[in-house]
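S.K.: Required output: the full structure, derived from the provided sequences and hints.
The listed protein sequences correspond, in order, to chains A and B.
Letter by letter, the first sequence follows residues 298 to 815 in the working numbering.
Letter by letter, the second sequence follows residues 4 to 300 in the working numbering.
Any given hint might turn out to be false.
Stretch by stretch, here's where chain B covers chain A in the computed footprint (C-beta under 8 Å, at least three residues) [unchecked claim]:
(1) 571-579
(2) 640-649
(3) 652-660
(4) 804-812
Below, a sample of chain A positions facing chain B; criterion: calculated Cβ distance under 7 Å [to be verified]:
(5) A582
(6) R586
(7) Y590
(8) R593
(9) D594
No lab work stands behind these hints: they were computed from the structure.
For glycine and all other residues, C-beta sits at the position ideal for the given N, C-alpha and C.
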Amino acid sequence: MVAHLVRLKLTLLRNGLRRSVWQVLGMVVGALYGLFLLVGAVVGLFALGFADLQVRSDVLVVAGSLLVLGWWLIPLVAFGVDATLDPRRFITFGLPRRDLLTGLTLAGLIGVPGVVTALTALATPLSWWREPAAAVAALLGALVGVLACTIGSRATTTALAPVIGRRRVREVVAAVAILPIMFLGPIMSAVADSADRLASLVTAARVLSWTPIGAPWAVAPAVAAGDWLGAVARLAIGVATVLVALRVWSWALDRTLTDPVSSGGDARARGLGWFGVMPATPVGAIAARAATYWLRDPRYAIAVAIVPAMPIVLGFASPGSSLLLIAGPVTAFVVGWSISADVAYDGTAFWTHLAAPVRGVTDRWGRVLVAGALGLVVMVLVTVGTVWYADRFDALPALLGAGLGLLLTSLGAASVTSALVVYPVQMPGENPFATKQGANAASFTSQMAGFTAVGVLAAPAAVLALLAVSQRSAALGWVALAVGAVLGAVLLVVGVRVGGSVLERRGPDLLQRMRSFD
Amino acid sequence: MLDDVTTPPPVPQPGPETGPGAAPGAVPTSGSVPQPATGPGPSAGAPALSLHGLWRRFGDKVAVAGVDLVIPAGSFYGLVGPNGAGKTTTLSMATGLLRPDAGTVLVGGVDLWADPVRVKRSLGVLPDGVRLFDRLTGAQLVTYAGLLQGLDRPTVEGRTRDLLAAVGLTQDADTLVVDYSAGMTKKVALACALVHAPRVLVLDEPFEAVDPVSAANIREILHQYVDGGGTVVVSSHVMDLVQRMCDHVAVIAQGHVLAAGTVDEVRAGRSLEERFVDLVGGRISGEGIAWLRTSSD
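M.R.: Written out as structure tokens, the structure is:
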């Protein structure tokens, strides 16, 4: 039975790859990345063997704890990443619970993250090549650690599924979760800057080694230090963690099987919202729809949520320098480019536009107006704010010029891009972090081409602005503003026209492609 | 290969121009469903929809292999066929959602694929197996469909209210479509297809997942609509429903039209279901699966 489940997972993986070349490419890229990580980890572990005992123990315990914590928490945010072996699909087969759990545990290790984790953990004895007894203990600890990773991850996801499964909760969790990722740089540098970082590592390791996430990795250090009692205690904590996780998983599975998750939440909105505000024309309607989605759809909301974080990250990255000043133009680009996959974001709902007598340019303008208005407001706010903070009011016209140029150009380029390519994206309500299989190469190519095009086309205003800011030349600043506004406007109109005619020509093909993703 | 593909005889029907419906832009009387748009069509007297030699392949699989179909104006036309017969593909090509590899689609005598944007105004579409803009409320979605068709605000407001009442969604007008049940989603999509009072209504599986009461309401709306001079094309698996509801029917299997004409012509004195099974084949008769009989042990 267990072998069947593992084989099923492998078959699903293979059939998934057979569906398209992109999926194979995505898998290969993922595997190469995994291999890179694995080689790095193995070399690192071996090299760590040269370090003195205390450092070695602390590094291993902290790194191992982060690994386990990652397995437990990331799937909550990236929920739905691996639903290939959803326990609910086995509900109609009378499988013994023990077999189901064992099978799912092993199957969970199939895949790039699982294999890399397992092999890395099993390589931890390499760090103990000077102490053979500790190496054996490390292997034992690694086994417990890997089980804690996979079973713990199943336990947290299954137990919290009823909460996370609720649409609203998942959206909020996903939107909030991006903030720590954004602030990872500042947090890291803040930690690195603290003078006694070694001391904090030691303290962290000491505490973590007694917790469920750190105990498995603390077995070998204890053995190496001759603390046999401590080693046994840590091993016991690790095994107990696995057993508790198993109980929780089994209990939560019973609950999900008998009481399936409903996506719940009965969202209501009074009246027509934006549809009552915008003009009653096709362009107005498309703009109203887009505006509604910018507010209600977490995929768009994230683009907005990133904006306030941008100047803060830049400020932390190099405090006191004028790097902060690029926050405005960068914001303009981020918001402008955010509609570059707009048709893909619509998904098959795009048929509504296709079935209606809507011209391509009408579709394009409706989308551009909302992103443009939002981008303009945000760009001006961020630019004025950063200029005020850096006390560089002389740079204001130049930065506004660069921002305007980038905003309009990226809107124009995005209008063409989104009419040319669609690739699988998260549908509203799905997790924004769970990148769809097969999306990698197509989205990567189109995004890179778009970045390059925007970079080249917006270069005149950007270069002028750069010169104006660095030379502190007011005249050049005003030239940059004029160039940014005029050139940007021209490029936007061209982009919308071209994108519109491409959309009319390719609309049915785009819809057909998106149907095949579902 | 059966060879009884018939071009249906010209059935005397009230032409669209004689219908009593409201002119585009007018506010309909409250409580009524928009009637098909009137006024002289692009070429009066032409069939509502005619498909000639439609082909479409996906990779190696030919989904539609030369479909010819004439749908007379004012008819209530049923499209039946087994799963995977090419019904959805045919209807997608007939409504501008999927480009045919070959063949033409004439809507009221005008080539759809030559000028899609103009012709689509006279089509109302309910596709199957696609999403809706489900972060909008029901009322917003119907309003959106109406505004995209170029209707003015008072018209859209009135029609949205009427249509939501007609399909029984007034209570849920302010609920997001993502929180609708499958049947409610079908109903709101139907309202979207009707909002601009098109000449031709093309509905792919409109009764799937819809409860019997709502289905009866929808059938009544569609009959009113045909009585007003409109043309309705529905695809369905349910033979009984098609036999009772439609006046014309076409049987499609493996991308071909096996039979087409008035319901009486096609069923030739038998029930539509029997005739369908005859035409399509695939009934497996005989002993059955012996071990499935639980009484045998």
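S.K.: Min Cβ distance, D594(A) to chain B: is it shorter than 7 Å?
M.R.: 5 Å, holds
S.K.: Could you check if R586(A) really has its C-beta closer than 7 Å to a C-beta on chain B?
M.R.: Hint on R586(A): holds, closest Cβ of chain B at ~6 Å, below 7 Å.
S.K.: Grab the minimum C-beta distance from A582(A) to chain B and call the hint holds if it beats 7 Å, violated otherwise.
M.R.: The hint holds - A582(A) has a Cβ within 7 Å of chain B, the shortest such distance being about 3 Å.
S.K.: Quick check on the hint: Y590(A) CB to chain B CB, less than 7 Å?
M.R.: 6 Å, holds
S.K.: Count the residues of the region 804-812 of chain A whose Cβ falls closer than 8 Å to any Cβ of chain B, and tell me whether that reaches three.
M.R.: holds (count 5)
S.K.: At a Cβ distance under 8 Å, does chain B reach at least three residues of the region 652-660 of chain A?
M.R.: Our answer is that it holds, as 5 residues pass the Cβ test (under 8 Å) against chain B, meeting three.
S.K.: If you look at each residue in the region 571-579 of chain A, do at least three have a Cβ nearer than 8 Å to any Cβ of chain B?
M.R.: Per the Cβ count (4), the hint holds.
S.K.: Do at least three Cβ atoms from the region 640-649 of chain A come closer than 8 Å to Cβ atoms of chain B?
M.R.: As far as the region 640-649 of chain A goes, the hint holds, because 6 residues have Cβ atoms under 8 Å from chain B.
S.K.: Measuring from the C-beta of R593(A) to each C-beta in chain B, is the shortest one below 7 Å?
M.R.: With a closest approach of 5 Å, the R593(A) hint holds.
The structure meets every hint from the earlier list without exception.
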